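**Q** Chains as they are written, first to last, in the working numbering: chain A, 808 to 891; chain B, 6 to 390.
If you are wondering where the hints come from, they were derived from the structure by calculation, not from laboratory data. Predicted model only: the values in this text are computed from it and were never measured. The beta carbon of each residue, even a glycine, is placed where N, CA and C say it ideally should be. A couple of the hints might just be wrong.
[Stated by the list, open to error] Sample of chain A residues facing chain B (criterion: CB under 10 Å; computed from the structure):
id, residue
1, F819
2, P825
3, Q826
4, D830
5, L849
6, K855
7, R883
[Said to hold, decoys possible] Cβ pair distances, simulated, as ranges:
id, chain 1, residue 1, chain 2, residue 2, range
8, B, G156, A, R821, 38 to 46 Å
9, A, I829, B, E199, 42 to 50 Å
10, B, R223, A, S885, 21 to 29 Å
11, B, I380, A, T860, 48 to 56 Å
12, A, Q837, B, N373, 30 to 38 Å
13, B, D352, A, D869, 58 to 66 Å
14, B, G74, A, I829, 18 to 26 Å
15, A, R821, B, R223, 45 to 53 Å
16, B, D194, A, G858, 18 to 26 Å
17, A, G822, B, D293, 52 to 60 Å
18, A, D834, B, T33, 55 to 63 Å
19, B, R310, A, G858, 17 to 25 Å
20, A, Q867, B, D352, 34 to 42 Å
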Amino acid sequence: MSDTAQAQILTFIRGRYPQVEIDAAQDIFQLGFVNSLFAMELVMFVEKTFGVTIPNDELQLDHFRTADSMAALVGRLSPAPAGV
Amino acid sequence: MTVAAPVLLAPPGDQVRDRAAARAFVDTHITPHANGFERAGAVPEDLLDRIGAAGLWAPFLPVEDGGAGIDMVTLGELHEEVGRGCSSVRSLLTVHTMVSWTVRRWGTAAQRERWAGVLARGEALGAFCLSEPEAGSDAAGISTRAVPAGGGWVLDGVKKWITGGQRADVFLVFAKTDASIGAFLVPRDTPGVEVRPIPEILGTRASMLAEVSFRGVRLDGDALVGPSGFTAGMVLTGTLDLGRYSVACGSVGIIQACLDACADYTSRRRVGGELLRTMPLIQAKVSDMVTDVRAARMLCAEAGRLKDAGEASTLMATWVAKYFASTAAARHASEAVQIHGANGCGDDYPVARLYRDAKVMEIIEGSNEVQRMTIAGEAYREMTR
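Generate the whole structure from the sequences, applying the supplied hints.
**A** Okay, structure coming up:
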C-alpha cells in the first residue's frame with residue numbers, strides 16, 4: 808500500500824507542478840510552491856484516491872511534508888487487510 | 006414563464022429536495038416579492054421560517070445531522086432557483102451553507118452536536134466573517150487576531166460586508182493566529198460582539214449586511230473549527246470553494262431571470278407597431294442569454310459533479326464556473342435593462358434589481374481579477390505538463 812501510495816502521491820504532485828524536480832523524501836514546503844489551494848487539493852486527492860478520511864488531528868505539517876510521510880499517513884488511516 | 010430552463014416533471018412537495026420543488030417554492034414565496042424585499046432592505050422573518058420548514062437551509066447535511074443528504078449537483082440547482090428569484094435570499098443561503106458545511110466537514114463531534122441540527126433546521130442562522138474594512142479577496146491581509154488565553158482564545162477585530170450579519174445567530178470568524186488563519190464559531194450573544202447594519206449597498210440590498218466588531222471576545226477552546234497550524238488555511242479554502250459554487254449557481258439564476266423577464270417583456274412591448282421580439286437586435290441579445298445560461302449551468306453542474314465525486318479538480322472547476330456565470334450575469338443584466346428601456350430603470354420590473362445584484366456577483370467570493378489570475382495560473386501549469 809505505502810509504495811503504491813507514495814508513487815501515486817508523487818505522480819499527483821508532479822502533475823500539478825511539472826516544472827520542479829521532486830522525489831519521495833523531498834520536503835515540498837521547502838520548495839515554496841505550496842499554498843492553501845494546493846493543500847486542499849492534496850487532502851482531497853489523498854482522501855479520494857485512498858478512500859480515507861483524514862481527521863483534524865492528523866492534519867499536521869509533518870504528515871504532508873513528503874510523499875513518504877503522506878504515504879505513511881495513508882497507511883495509518885487505511886483499514887488492515889482481512890486476515891492480517 | 007421560464008425560457009431555456011430544464012424541463013421539470015416532478016410535482017412539488019412540502020420539502021424542497023429538487024429543482025421542481027425549488028422552482029415552485031421560489032415562484033410562490035420569493036419572486037413576486039423580491040423587489041419588496043429590496044425596498045425593505047430585509048428578507049422577512051416569515052420567509053426565513055418558510056425556508057426552514059421547506060428544509061432549504063442546509064439540505065446537504067447528512068440525515069444524522071438534521072439534513073437530507075442531497076448531493077452537490079442538486080444543491081447547486083436549488084441555489085440557482087433561489088437566485089433566479091432573489092439574490093439576497095440566495096446570499097443568505099450561501100453564507101449559511103458555508104457555515105453549516107464547515108461544521109460538518111471540520112467540526113468536532115461536540116461542535117456538530119451543538120450546531121448541526123439547529124443550522125439544518127434554520128433555528129440558528131450562520132454568517133461568514135472574512136472581509137474587513139482593509140481586506141477582502143486578500144484573505145492573507147486580514148488583521149483580526151485570535152490570541153490563546155487560558156485554554157481558550159481572545160478575539161479582536163472588525164469584519165465588514167457580512168451577509169446576513171444583521172440577522173445571524175452564529176458567526177464563522179476567520180482570524181490570524183500565530184500559526185495561520187483559524188476559523189472560530191462565535192455566537193452572536195457572546196460579550197464583546199457588536200453588530201452595526203450597513204443599509205446602503207449597491208446590490209443584494211435585502212441581504213441584511215452588517216459590520217461586526219469583536220472586542221476582547223473571550224472564546225472557549227472548542228470555538229476553533231478544524232485543525233490548527235498550517236492546515237487551518239484549508240478550512241478557509243474549502244469554505245470559500247463552496248461559497249463560490251453557490252454564487253456561481255446563483256448567477257445562473259440571475260441570467261435565467263433576465264432571460265425570462267426579457268422574453269416576457271419583448272412579447273408584449275411594441276415599437277412602431279411591431280413587437281420587440283421580432284427585431285433582430287433584440288433576438289441577438291436573447292439568443293446570447295439562452296446560450297450563456299445553458300453554458301453556465303453546465304459549468305456549475307460539472308463543478309458539482311466533481312464535488313460529489315470528491316475530486317480535487319472541483320476547486321478549479323468552481324473557479325471557472327463562478328467566473329463565467331458571474332460575468333455573464335452582469336453582461337446580460339445590463340442588456341436586460343437596455344431591452345426594457347426606461348421601464349428597466351424603475352421598480353415595476355425585476356431587471357434593475359437583477360442589474361444591481363449581478364454586479365455584486367463579480368466581486369464576492371473572490372473578485373473576478375483574482376479568479377482570472379488563478380485560472381490563468383492553472384492554464385500555464387497545464388501547458389508545462
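**Q** If a hint holds in the structure, say so; if it doesn't, say that too.
**A** Each hint, compared with the structure:
At a threshold of 10 Å, the smallest CB-CB gap from F819 of chain A to chain B is about 8 Å, leaving the interface hint in force. Among the interface hints, the one on P825 of chain A holds; its C-beta lies about 5 Å from the nearest C-beta in chain B, closer than the 10 Å criterion. For Q826 of chain A, the interface hint holds, since its Cβ comes within 10 Å of a Cβ in chain B; the closest pair sits about 6 Å apart. Below 10 Å, beta-carbon pairs count as interface contacts, and D830 of chain A has none with chain B, the closest being about 18 Å; its hint is therefore violated.
Given hint, L849 of chain A at the interface with chain B, holds; its Cβ is 8 Å from that chain's nearest Cβ, closer than 10 Å. Hint status for K855 of chain A relative to chain B: holds, with the closest Cβ pair at about 4 Å, below 10 Å. Contact between R883 of chain A and chain B, as hinted, is not supported at the beta carbon level, the nearest pair being about 16 Å apart and thus beyond 10 Å. G156 of chain B and R821 of chain A have their C-beta atoms about 43 Å apart, which keeps the hinted 38 to 46 Å range intact.
At about 49 Å, the beta-carbon gap between I829 of chain A and E199 of chain B stays in the expected band of 42 to 50 Å. One distance hint, 21 to 29 Å for the beta-carbon pair R223 of chain B and S885 of chain A, is violated here, with the actual separation near 41 Å. In this structure the hint that I380 of chain B and T860 of chain A lie 48 to 56 Å apart at CB is violated, the actual value being about 29 Å. Between Q837 of chain A and N373 of chain B, the C-beta spacing of about 33 Å keeps the proposed range 30 to 38 Å intact.
For D352 of chain B and D869 of chain A, the hinted distance range of 58 to 66 Å is satisfied, since their beta carbons lie about 59 Å from each other. The beta-carbon spacing between G74 of chain B and I829 of chain A, approximately 39 Å, falls outside the hinted interval of 18 to 26 Å. Distance hint check for R821 of chain A and R223 of chain B: the Cβ-Cβ separation is about 47 Å, which falls inside the suggested range of 45 to 53 Å. For D194 of chain B and G858 of chain A, the hinted distance range of 18 to 26 Å is not satisfied, since their beta carbons lie about 42 Å from each other.
In this structure, G822 of chain A and D293 of chain B break the distance hint of 52 to 60 Å, their C-beta atoms being roughly 36 Å apart. Evaluation of the 55 to 63 Å hint for D834 of chain A and T33 of chain B yields a pass: the beta carbon distance comes to about 58 Å. Between R310 of chain B and G858 of chain A the C-beta distance comes to about 19 Å, which sits within the given range of 17 to 25 Å. The hinted window of 34 to 42 Å between Q867 of chain A and D352 of chain B is violated, with their beta carbons roughly 55 Å apart.
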